[in-house]
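Those protein sequence lines, which keep their order, are chains A and B.
The opening residue of the first sequence carries number 1 in the numbering used here; numbering runs sequentially from there.
The opening residue of the second sequence carries number 1 in the numbering used here; numbering runs sequentially from there.
Do not rely on the hints blindly, as some may be mistaken.
Unchecked claim - Selected chain A positions facing chain B (Cβ under 8 Å, derived; list incomplete): (1) P21; (2) L176; (3) L241; (4) R449.
Since the hints were made in silico from the structure, they are not lab data.
A quick note: this is a predicted structure, and the numbers were derived from the prediction, not measured.
Note that the Cβ used here is the ideal one computed from N, Cα and C, for glycine as well.
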Amino acid sequence: MLNRRLAVVDLSKGKVKIEEPSLCLRKAFLGGRGLNSYYLYKLLPPKINPLSPSNILIIGAGFLTGTLAPSSSRFNASAKSPESNILGDSNCGGFFAPELRYAGFDRIILKGKAKKPSFMHIEDGKIEIENAKDYWGLDTYEVQKALRKDLGDVETLCCGVAGENLVRFACLRTGLKNSAGRGGLGAVMGSKNVKAITAYGSKGIEIAHPEKMLRYVEELKDYLTSSKITNILGSVGTPFLYEISNEFGALRTKNSQLNAWSESLNAEEIEKYVEKMIACFGCYTHCRHRNVLNGEGPEYTTVGLMGANLGIENTKNVIELNNICNDLGLDVASSGTILAWAFELFERGIIDKKVTKGLKLRFGDVDLVKDLLHKISRRDGFGNILAESTHAVKFFGKRSKDYLIAVKNLPQSDPHDPRYLKAFALGIAVASRGADHLRNRPTLEIFFRLPKEIREGIYGKGISLDPTSYDGKEKGVYFSDNMFAVIDSVGICKFICHGFNSPRLLDYERLRNLIYYSSGLKFTTKDLMEVGRRVIDVERMFNTREGVRKKDDTLPKRYFDDPMPQKIAKGHRIDRKKFDGMLSRYYRLRGWDSDGMVRKGRIKELEGIA
Amino acid sequence: MKLKVKLLKPFKDSVGKDELSMDSTSSNIEELLIELSSEYPKLKSQIFNSEGKVDYSVNVIINSVPVVDLKQKIKDNDEITLFIPIGGG
């Protein structure tokens, strides 16, 4: 269990160094996102160009990844983000990370830049750097097929054409479905002249208490499969969320000018294109839906951001756009946000055909969107500007920033307009990678009838039951920040995480049982909570070293200034003063100073862990 | 009393319709949920927990306002929406 190693691959020198991380480090950060963030902080000097050879790309499996622990498919990819210029970190499922562990490694750190297009093959303790000339230029699915044909039954993590061309929101892909989508990590892989990492392993993972582990996992299986929430996700997947957001009027529509859209994108319409539901490694939820148009998805994020946000109603068109993004290796969240931003700027006359290279931009034009996605991936014409993501402000002018739905230069991840639920708004303002819901969304806020004692038992006392109130909402974000950092560090999917969509599921106690049965290491609940705090603090230290301060923990201007125009959420916006109060209370909970800085004593303590 | 009840997934799958126009004798939300479960038995396990209480995962909205208390009164021509609150994905 604990003998999986760390490989540092120096691409410039063509050398591989294999190390054993200390037990102290594993206990402090577990693995996955936690250890990745630690290494990123330790190994990267500040202010480097993220697309230069100075950046590193870390692929790190979770502490429990590849074991019998439920939904333990996950790994994190981390680097300095070329999209946000701060922490770039993305969590991903599938089958790659378990295979990486079976091949003998927990974590791969890529540094420098290969002299020619390359890929890395990892097999039973060995790592070879190979020539990728036959694979360069292939789409993400094509390259995986080609590598399987040439190497056998390998699992692959790759970038697409977008990554090769350094698109700032290029993602990493594995299988037909899974993406480490956020922050442009595909571009970091491409910038290193690396197309893919393949893994094949025949080594099992030794379990400290195998019989207890088996019995416990059986118990958990019954517990998890009895959940209403996991059952719904297993029947239709995340498109289920579209209708809820739409009913509330909490759906980002046409760059958040509107907040509700067509029922033609409801889950039952998506279901007409579903071939079957499938699962990642070791998962009972099986939320993945393979579509009949030769792809997988779309998830709720894609339905919202490639549908409502771009003014597209046709179900089939949205699935086609989903498949195009996946093939090219483009993050759907940034794609949908950046395109909608450009469309509104054009409609308002802030940019014109001189900027767009003759193109007339408009919402609802699916052919235009398809053309632009291909242009972005190849940095062709206007696509070369859009490929810059939020950095395109330098081409669009200062005024364009007022219409940009991003925080810390990361376009917002999900289709939820957070002007109604104030805790959701604080969450995206302080999330450690920029505007993102998967770092800390306190989703129990929309359980309107959750008994007070359950809500307070999870989030703490003093949190208002009113989801539109600002009172005590920092507590929900604080809890979720810590909990999700731990779940990302053990390598388990958030869909079975306590506090993410359900007040039940895998809490700290169940996680520490899984850690003990698998590794023999004893953690208390308090120990695990402390791991979460440590991860959030180290990520904050990385970001503040890059210049992030309180002024950056904010929201898109529109969320403060424009009341929502439709449905239940009508009239809601974020009050600047009340938001500021919530933010200051959040800092106090974290023990940060009034400018959002981790205190010197804490920095010294965390830097001392080795 | 005439009511319009909008059903989101998974309730609409159990009823076979996404909207009901009904003549109801219920005076509050809890009674309405019992009435609906009696008319559409598949709803029962979705709405009530093993102790026979309305599960906290059942969200109700009346005329665009979220319901916290199941004893909340309903009146003629109210528009009511039922859904399961999943907010992250």
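Do the hints match the structure? See the list:
no. : hint : result
1   : P21  : violated (31 Å)
2   : L176 : violated (19 Å)
3   : L241 : holds (5 Å)
4   : R449 : holds (5 Å)
Comparing the model with each numbered hint stated earlier shows that hints 1 and 2 do not hold.
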